[in-house]
Amino acid sequence: MSAHITSPAFKDNAKAALADPNLRKAMAIIAGPMAGRRVESASELPEFEALRDEAVKIKNHTLAHMDIYLERFEAAATARGAHVHWCRTPREARETVLALCRSRNARTVTKGKSMVTEEIGLNAFLEQHSIQPVETDLGEYIIQLAHEPPSHIIGPALHKTREQVAELFEEHHPDYAPNGIKPGPRSTEPQTLVSEARAVLRERYFQADVGITGANFLVAENGATMIVTNEGNGDLTQSLPKMHIVVTSIEKVIPTLEDVSTILRVLARSATGQEMSVYTTVSCGPKRPDDADGPEEMHIVLLDNGRSEMLGGELQELMRCIRCGACMNNCPVYQSVGGHAYGWVYPGPIGAALDPHLIGLEAAQHLPNASTFCGKCQEVCPMRIPLPKIMRHWREQAHDKRITPPMQRWGIEAWAWLAQRPALYRLATRIGMTALRAVAGSKGRLRSLPLADGWTAQRDFPAPQPGGSFMAQWKSGRRR
Amino acid sequence: MSNSRERIFNSLRRGLGRGPEDAKAQAAVNARLSAMARNLVPQRAQLPHPQQVKLFIEKITALTVTVQRVASTAAVPDAVADYLVLHNLPTEIRMAPHDELRALPWQKRPLLQLSEGPGRATDLVSLTPAFAGIAETGTLMLHSGPQNPTTLHFTPDNHIVVLRASQISGSMEDAFAKLRAQVGGADHWPRTVNMVTGPSRTADIEGVPVLGAHGPRRLHVVLIEDVPQDAAQAQQP
Ligand code: SF4
Numbered sequence: 001m002s003a004h005i006t007s008p009a010f011k012d013n014a015k016a017a018l019a020d021p022n023l024r025k026a027m028a029i030i031a032g033p034m035a036g037r038r039v040e041s042a043s044e045l046p047e048f049e050a051l052r053d054e055a056v057k058i059k060n061h062t063l064a065h066m067d068i069y070l071e072r073f074e075a076a077a078t079a080r081g082a083h084v085h086w087c088r089t090p091r092e093a094r095e096t097v098l099a100l101c102r103s104r105n106a107r108t109v110t111k112g113k114s115m116v117t118e119e120i121g122l123n124a125f126l127e128q129h130s131i132q133p134v135e136t137d138l139g140e141y142i143i144q145l146a147h148e149p150p151s152h153i154i155g156p157a158l159h160k161t162r163e164q165v166a167e168l169f170e171e172h173h174p175d176y177a178p179n180g181i182k183p184g185p186r187s188t189e190p191q192t193l194v195s196e197a198r199a200v201l202r203e204r205y206f207q208a209d210v211g212i213t214g215a216n217f218l219v220a221e222n223g224a225t226m227i228v229t230n231e232g233n234g235d236l237t238q239s240l241p242k243m244h245i246v247v248t249s250i251e252k253v254i255p256t257l258e259d260v261s262t263i264l265r266v267l268a269r270s271a272t273g274q275e276m277s278v279y280t281t282v283s284c285g286p287k288r289p290d291d292a293d294g295p296e297e298m299h300i301v302l303l304d305n306g307r308s309e310m311l312g313g314e315l316q317e318l319m320r321c322i323r324c325g326a327c328m329n330n331c332p333v334y335q336s337v338g339g340h341a342y343g344w345v346y347p348g349p350i351g352a353a354l355d356p357h358l359i360g361l362e363a364a365q366h367l368p369n370a371s372t373f374c375g376k377c378q379e380v381c382p383m384r385i386p387l388p389k390i391m392r393h394w395r396e397q398a399h400d401k402r403i404t405p406p407m408q409r410w411g412i413e414a415w416a417w418l419a420q421r422p423a424l425y426r427l428a429t430r431i432g433m434t435a436l437r438a439v440a441g442s443k444g445r446l447r448s449l450p451l452a453d454g455w456t457a458q459r460d461f462p463a464p465q466p467g468g469s470f471m472a473q474w475k476s477g478r479r480r
Numbered sequence: 001m002s003n004s005r006e007r008i009f010n011s012l013r014r015g016l017g018r019g020p021e022d023a024k025a026q027a028a029v030n031a032r033l034s035a036m037a038r039n040l041v042p043q044r045a046q047l048p049h050p051q052q053v054k055l056f057i058e059k060i061t062a063l064t065v066t067v068q069r070v071a072s073t074a075a076v077p078d079a080v081a082d083y084l085v086l087h088n089l090p091t092e093i094r095m096a097p098h099d100e101l102r103a104l105p106w107q108k109r110p111l112l113q114l115s116e117g118p119g120r121a122t123d124l125v126s127l128t129p130a131f132a133g134i135a136e137t138g139t140l141m142l143h144s145g146p147q148n149p150t151t152l153h154f155t156p157d158n159h160i161v162v163l164r165a166s167q168i169s170g171s172m173e174d175a176f177a178k179l180r181a182q183v184g185g186a187d188h189w190p191r192t193v194n195m196v197t198g199p200s201r202t203a204d205i206e207g208v209p210v211l212g213a214h215g216p217r218r219l220h221v222v223l224i225e226d227v228p229q230d231a232a233q234a235q236q237p
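These protein sequences, in sequence, are chains A and B.
Heads up, the first sequence is in the working numbering, so the first residue is 1 and it goes up one at a time.
Heads up, the second sequence is in the working numbering, so the first residue is 1 and it goes up one at a time.
One thing to keep in mind: the hints can contain errors.
Distance windows between CB atoms, simulated [what the hints assert, rightly or not]:
#, chain 1, residue 1, chain 2, residue 2, range
1, A, 290, B, 62, 34 to 44 angstroms
2, B, 85, A, 173, 29 to 39 angstroms
3, A, 396, B, 67, 35 to 45 angstroms
4, B, 121, A, 389, 46 to 56 angstroms
5, B, 38, A, 375, 44 to 54 angstroms
6, B, 78, A, 148, 45 to 55 angstroms
No farther apart than 20 angstroms at their CA atoms in a straight line, the calculated lysine to aspartate or glutamate pairs in the EDC-like style are these [to be verified]:
#, chain 1, residue 1, chain 2, residue 2
7, B, 54, A, 314
8, B, 108, B, 123
9, B, 178, B, 226
10, B, 24, A, 71
11, A, 182, A, 209
12, A, 389, A, 296
Treat the hints as calculated values from the structure; they're not laboratory data.
Where a beta carbon is used, it is the ideal one built from N, C-alpha and C, also for glycine.
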């Protein structure tokens, strides 16, 4: 029982998404300001392209020695007093976390943002065992109240409007009364809503028995885990409760803090266009005996879930991914259908390349087809992961195994013929599907082309527009 | 789950096509971990010190962090009190139990009410030292310890940081190297190192930027100019 999978219904999901006006608004934010800021901040650092090359080199070296770096990480973390738990499957990881929570008689656990906990379906599992997980990242908190999965790995609730957020808060914090005064109808101002969430969650941090965070990096040099956030929720989550559990996956290991420094220079710029995220935190073992605060216990739950099998094969390069989200922000398909349509934890091009391995090609077979092969994802990926090549690999696999329905196989063959002739392909897409129709020979086959039904009629390709930095927008009070 | 551990490592090594005791691979890892060599460091992070200070101030100001430059430690209590007045804040401050902060001439501002200890849910203002400033990105580096509760960096609405100009360095690598040298190796690494770049923020509701999501809404730096201008000039290559 990992995270719920709806990927087999990709086409229906996508259709529904295309008809959802709120989602269109959210996607405009992602395709406009979010993607635009990446371009701006990258152009402000002359060394940006060279730093990408450095980052790729670092990760390639690490992957080539992954077993040894993981051993060193484990030894160093253990020497600092942390406990490392190795888990092959989502089930093992869930049970490990549950046993740890029970050892503290935990009733409430606060959670910082962690994709791996989504991957293992941790929240539902803890709830089944009478432990209340409380998401503390604002976006994650909102979608937890709404019982929805994240639609984007960086902005999980961008598909919710401010009115919807205000309604959720009304429903879930009926007694909220700042300064003892119960406000009238809830304001829909983001500033007011953020203050409310801040006040409500503040109490939760102090009540929680256990704090769970993810990790962006595992540092072999000193056995530290690192998180990168903007809100500060991950830090409150890990420093107030008595137990800190880090739930992450094995490919996050990195040799030294020098190597981390290099990757940080491309991470935030690619994710949100910031030079650095607000809080970059290095956590190393539990609190020391004389420390003024911090958790008494630190546990690191390391999930494999098939990643070790990617080494030495077609998929190895996927393990360079630092989950920045740039590939989805810049993907025309993602911009059209949003994250939910992909039906599992990792959406967008990275999801299309990774999910077939993690949840099986049968379930994820539509995802590698959700691509125009425009190459934008690879172009913006700070780790230069050849995402289109990997999607093509999955298509071939699906085709060879005859997983795809025959009509679709035919359609793809026609499309592949075209795609190998770039000028013709461009012409074909420019003048609409008429040319393709001629090539494919029948309307039926055309409908089975990647997302052809519905998508072409409603797609738009918002070009990344510089939206100004967060600070520039904040200062100019652009709050729409 | 020791069995799982073994199976994960077996699977990794199968992919890598070698056994656990591969001498060449072990040597490559040892070399990298002991060299701690820097990768490409941007030009901007390698300026002479006076320009680092200037860049640091530019960068944090752009992040809406406010800075008050003072000539010496003696002026810090005034700077702190002025900040509270400016923002119409009560005179209660939650302070890190740190020798350098305790040694400041607080008697000059008898109305300030200082209490020491970790952060609490209701604190409005905290006061902490910093370990370093990183010019490249306008980042503050702070760490945990007996005199440094890290919760003070997150619980209050306003976080005031006391930093000396001599603590500002160019890059993150510089700051990590200084920290390694100070603590004396990985065995003595602190529980937590916080690198803070501006006030807490979120854009999770409709992408609208809002400050003060969970951490401080305002970040204020009292910068002690302890590098004499002449010395600063002399440091230039
Ligand atoms: S694949 Fe590349 S662009 Fe996409 S999330 Fe991973 S690192 Fe970022």
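Checked hints:
1. A:290 to B:62: 34 to 44 angstroms: Taking Cβ atoms as reference, residue 290 of chain A and residue 62 of chain B lie about 37 angstroms apart, which means the hint holds.
2. B:85 to A:173: 29 to 39 angstroms: Given range 29 to 39 angstroms: holds, Cβ gap about 34 angstroms.
3. A:396 to B:67: 35 to 45 angstroms: 57 angstroms, violated
4. B:121 to A:389: 46 to 56 angstroms: Between residue 121 of chain B and residue 389 of chain A, where Cβ atoms are some 51 angstroms apart, the hint holds.
5. B:38 to A:375: 44 to 54 angstroms: Hint violated: Cβ distance 32 angstroms, outside 44 to 54 angstroms.
6. B:78 to A:148: 45 to 55 angstroms: Between residue 78 of chain B and residue 148 of chain A, where Cβ atoms are some 51 angstroms apart, the hint holds.
7. B:54 to A:314: Between residue 54 of chain B and residue 314 of chain A the Cα gap is close to 48 angstroms, so the pair fails against 20 angstroms, i.e. violated.
8. B:108 to B:123: 23 angstroms, violated
9. B:178 to B:226: Between residue 178 of chain B and residue 226 of chain B the Cα gap is close to 18 angstroms, so the pair holds against 20 angstroms.
10. B:24 to A:71: 16 angstroms, holds
11. A:182 to A:209: 29 angstroms, violated
12. A:389 to A:296: 46 angstroms, violated
Hint compliance for this structure: hints 3, 5, 7, 8, 11 and 12 are not met, and every other hint is.
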